[in-house]
Amino acid sequence: MSTASTTPARSRDRSLLGTIIHQPYIWAVVALVLLLVINLVKDPGYLGVAVNPTTGNLSGNLIDLLRASAPVMMIAVGMTLVIATRGIDLSVGSVMAVSGAVSMEFMSNAGDGSVGTALAAAGLALAISAGLGAINGVLVSIVGLQPFITTLITMLAGRGLAKVITAGQNTSATNEPFRWIANGTVLGFPVVFVIAGVIVAIVAVFIRRSALGLMIESIGINPKAARMAGIRPIGILISVYVVSGILAGVAGIFSVASVMTVEVSKTGLAAEMDAILAVVIGGTSLAGGKFSLTGSVIGALLIATLDKTIVFLSIPSEATPAFKAAVIVVICLLQSQRVRALFARRRAKAAPTDPGAGSPRPTAPRKESVPA
Amino acid sequence: MALTDAIVEMEDISIEFPGVKALQHVDFRLFPGEIHTLMGENGAGKSTLIKALTGVYKIDGGSIAVAGEPRMFTGTADAQSAGISTVYQEVNLCDNLTVGENVMLGHEIRGAFGINWRKTNEAAREALVGLGLGHLDPKQPLSSISLALQQLVAISRAMVAKSKVLILDEPTSSLDANEVEGLFGVMRRLRDQGVAILFVSHFLDQVYAISDRMTVLRNGEFVGEYLTADLDRTQLISKMIGKDFGTLAALGSNRGRVAAPDATPFYSATDLGRKGSIDPVDIEVHAGEVVGLAGLLGSGRTELGRLIYGADRPDTGEVRIGGVSAEVHSPIAGLSKKIAFSTENRRDEGIIGDLTVRENLILAVQAERGWARPLSRREQKELCDKYLVELNVRPADPERPIKNLSGGNQQKVLLGRWLATNPELIVLDEPTRGIDIGAKAEIQEAIAALAESGMSVVFISSELEEVVRLSERIVVLKDHRKIGELVNGPDVTAETIVDLIATEGSAA
Amino acid sequence: MSALIERPTSGPSDPSDPSGPAGGPHRTLLSRLSRLKPNLETLPTLAAVVIFIAMIVYGEVAYGRIVQFNTISNLFINNAYLIILAVGLTFVILTGGVDLSVGAVIAISSLVGVMLANAGWNPIVVVVLMILIGSAFGVASGVLVQYFNVQPFIATLAMMFLARGLASMLSTTPERLGDDSPLRSLSTEITVINGTKINDLVVTPNVLIAVLVVAVAAFVLHRTRLGRTVYAIGGSESSALLMGLPVVRTKLTVYVISGTLAGLAAVVYTSKLGIAQNITGVGWELDAIAAVIIGGTLLTGGAGFVLGSVVGVLVLGLMNVLITRDGSIPPEATTIITGGILLVFVLLQRLVVSRKRKT
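Protein chains in written order, with this note's numbering: chain P, 19 to 390; chain U, 19 to 526; chain S, 3 to 361.
Derived from the structure by calculation, the hints contain no laboratory data. Wrong hints could be hidden among the right ones.
Part of the chain U face toward chain S, derived, beta carbon under 7 Å [unchecked claim]:
#	residue
1	T94
2	A95
3	Q98
4	N110
5	L111
6	N114
7	L123
8	G124
9	E126
10	G132
11	F240
Quick look at which bits of chain S chain U covers, simulated, 3 or more residues with Cβ under 8 Å [unchecked claim]:
#	stretch
12	225–231
13	234–246
Just so it is clear, the structure is predicted and the values come from calculations on it, not from any experiment. Positions of the beta carbon are idealized from the N, C-alpha and C atoms, including for glycine.
Could you build the full structure based on these sequences and the hints that come with them?
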């Protein structure tokens, strides 16, 4: 599986230089393989995939892994776009809870278990998620609030909204078609993973085949220059927050569908951390600019694997945040100028002609314009 | 001349940035009790020299001595502790604090109960009174006083730190005449107390009013050190601007070429202005015409260019494009009216560093088309092939990140970005600044060719020679207003413009 | 000037003033305002005071029994930990940073504290350790922010998860502090005024600790060079650097202060509740940030007062009281209201800042 997902990624990089630039994301693949190896050492049969002879369904740890990675993949993709514009969306976890609460409450009230109800529930949940994303987008782009505080507020209010929707209850519902989203299979693969894959593909094609990707990156790298080149940032900013909201809504549906219960205090809790983590693991800088959706997808797979591995190694699952925090600290350190300068110096010593060995003048502030 | 010893002595200073020689073998001396002006156009190396002195930049060659001892500072704070204080154009104070707090930050007087505010404010008042600012209340918020007074507060702060050397980097740029007079009073008072003052300004009148001596830099090179009394304005300007020989002399001249004056100009504006950046100006540009905007740094030449494109929103004026009234209030509006603007600030407002040459090149065309109608790979390739060859971009690799190109080649890519939009009017702000002489000639040729093909060009440059060579009409600006318009001809030279600026100045 | 010193004592324990804490901060802020001339920066704090008074008046009219000793005592007793947290965050936010880790730091600090106390450790050693755990997380955040240029919210988000994860490794079930633990003495109720029926003015050592923290913080911010540097950095970090102020050291210090106070808040909270759990303090960082912002500290730094943050805590605390009294607002909606208030105040700040730029 891991090789299957790296091949297209690698082939996109045309040169050796490109590979070096994407180093963090290569490391994510290495880490992913490493985690699988750890599991394999603990249980040599870990990677086995069995085919159920009657249903044709695939089963095994890898399949569970794909299933578990789907929600993270959704929020990670949305977060990637937001971070690329120099923003952040801390509200994704709460939006997941709202989406779960809306769909569960709707189906619990409708109570007929039909496909139509399931679709209506999902549609309503996604519409409300999009609305929350739009609020973020408007506050950031038009009002000009900092993304961090804006989405912190929606995170706070969103969690409350979820609780209000279910009146504080962990609402359950029965609706087989809805449940199928999480537990069903298509051609043997889990439906969630298939849906997630399709959505990622649609977003990727939409972003990369239109000029949105270029514009998002331009805004993230140099907002002033992007404006001077005629790019209008408001629409694009609102769009990325709306997309992030919708995808968080999808993730919320995924995570409530398997148990058909929304736990208003727990659904999507700390999901923003997973999403941010997946994005930085995937090689997108928190400072914005160039982004890699493929990298974020790999990051999401890595996080799902990390979660599973921790449980597999009999460490209490509540402790996973500590491991994730450690990973994020390491990545932030690797991205920092100070550590890079250190590496650059090492590399420069080893190969004095290396062209990418950082600024020769680290004492000069980066923002100083170079006089000519 | 020196009975006293120089307090600052910089010899043979060289600084190199990747691909740019920012300073080459520059000498500079500063004596106690003098006001010494550093003169030079944009990019001459004035700020770099100051930053070399204060240790913000590391020097690659030469030596710095302060009070006779070799010194190498690690930054502004370090220099300050050695008695060298700097006051910048954009005042570096905290406007969330009071006047007194700003004067005394880091030097507050402390007692048994922490900072004794009464004594601290008294000390601040003393420092202010020392500069003739007795009317300022140390307890009032810094934000409640004018920028000019803030600058004086910054100087008071330097005096509290007992500075022997005071560097004033373009302190007068945003001050009116009375405020400048106030500042000069303070400067004279400090000079008489024996403080050595290094003054940077591009306002000639002010330089002549205040300075005892001046050092002129040009393109990072030392031109000379003169007593103010020995050098008249015209001489000074020609020393600052210099003359380009060699390659450029071979270039054809537009001089004498007059565009067919068709009935309606492509672009015309009446009373185009924006508060605080440029007073209302009338300007028109015909198809196939190059209109030069001439003036020194800070004259409003850039500001006018930005208003034409819509980079800044004008507050006054009526714009007609092709005779039809139009509103150009944003860059995208400018683009859709077939106006393009190449900025002087290539790094902050021009290139998108991490993107490739190809992506940078197509950006404006793409922005105009909107996100939903992406240029196909083939269209992108055609644009790249066309402009990379036409403008001779090296290396002609469209997939290289633009930040890895030299300044001149980045500029060519940006020019390509705007030409790709097929503009009918292009505003070029310092397109030849900070690039090597070969690239400069290529860009000049390209501009002449554009006008030949019928495009209107507004050309802004600090090199008057260049403006005269390329333009058919020249709008002369000074102190944020238009002071004249010249139709180019055999009798118009850089000196004509210099005279206009110099004489107009003494009248004001 | 002297108001700075007097201010804390004229707060909750002033028995002669019938309007108690409501009148206290209000008056001092007003006198401050009159000394500073009308200043846009004090507007948000003033707004918070006005809102607080309006809430008191509304509560008294609509539900009664608001302006009386036991309600006010409880407001302080129940929110002592939040006051301490808000003070710490005031320092961080004044520099333009933020600390999201404080809630999780409380979880690990209180868990460690309860477990060690139950294991028979000396209570003083336990308390010191609890505080030092907070300091350690503060140091880690500060180093990440200052030396490795990590955005404050990312650095402290990482610390939040680290603290939460480590706490979960220690225990995932509620740990009960022994009934005879000396730690509990910090929440002993001391009756200051014995009112009619149960209407007593009561303080606990915890409240006194919180008051002391506020007093010391106000002193540090207004009467030490450290404090002035904090404001200067928030006003303009580059200016502060160019003025030669110790920017690096100060920024590191504010995160250490915030972490240390989170440790102290853990002591106060644990002694009051007697229970520690790995999920203790979820979302408290948001309450503390909200309190600081509502209290008038600019999110971008450089302006605000510790006492404003105390008002912010009281606004949030009183809001909870009113919601409980009202009964018709579902308690689940509390966070929506908090979020709404926070948004209003952030917008107000935005307005103030853009006004200021224009003038």
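How the hints compare with the structure:
Against a cut-off of 7 Å between C-beta atoms, the interface hint on U:T94 holds, since the closest Cβ of chain S lies about 5 Å away. Contact between U:A95 and chain S, as hinted, is supported at the beta carbon level, the nearest pair being about 4 Å apart and thus within 7 Å. Look at U:Q98: its Cβ gets to within about 5 Å of chain S, closer than 7 Å, so that hint holds up. Restraint check, U:N110 versus chain S: the minimum CB separation of about 4 Å is within 7 Å; hint holds.
Residue-level restraint check for U:L111 holds (minimum Cβ-Cβ distance to chain S is 6 Å; threshold 7 Å). Against a cut-off of 7 Å between C-beta atoms, the interface hint on U:N114 holds, since the closest Cβ of chain S lies about 4 Å away. Contact between U:L123 and chain S, as hinted, is supported at the beta carbon level, the nearest pair being about 6 Å apart and thus within 7 Å. Residue-level restraint check for U:G124 holds (minimum Cβ-Cβ distance to chain S is 5 Å; threshold 7 Å).
The interface hint given for U:E126 is met, as the beta carbon of that residue sits about 6 Å from the closest beta carbon of chain S, less than 7 Å. Look at U:G132: its Cβ gets to within about 3 Å of chain S, closer than 7 Å, so that hint holds up. For U:F240, the shortest C-beta to C-beta distance to chain S is roughly 27 Å, which exceeds 7 Å, and the interface hint is violated. Given a C-beta distance limit of less than 8 Å, the hint that chain U covers the stretch 225–231 of chain S holds, as 5 residues qualify and 3 suffice.
For the stretch 234–246 of chain S, the stated coverage by chain U holds: 11 residues have a C-beta nearer than 8 Å to a C-beta of that chain, and at least 3 were required.
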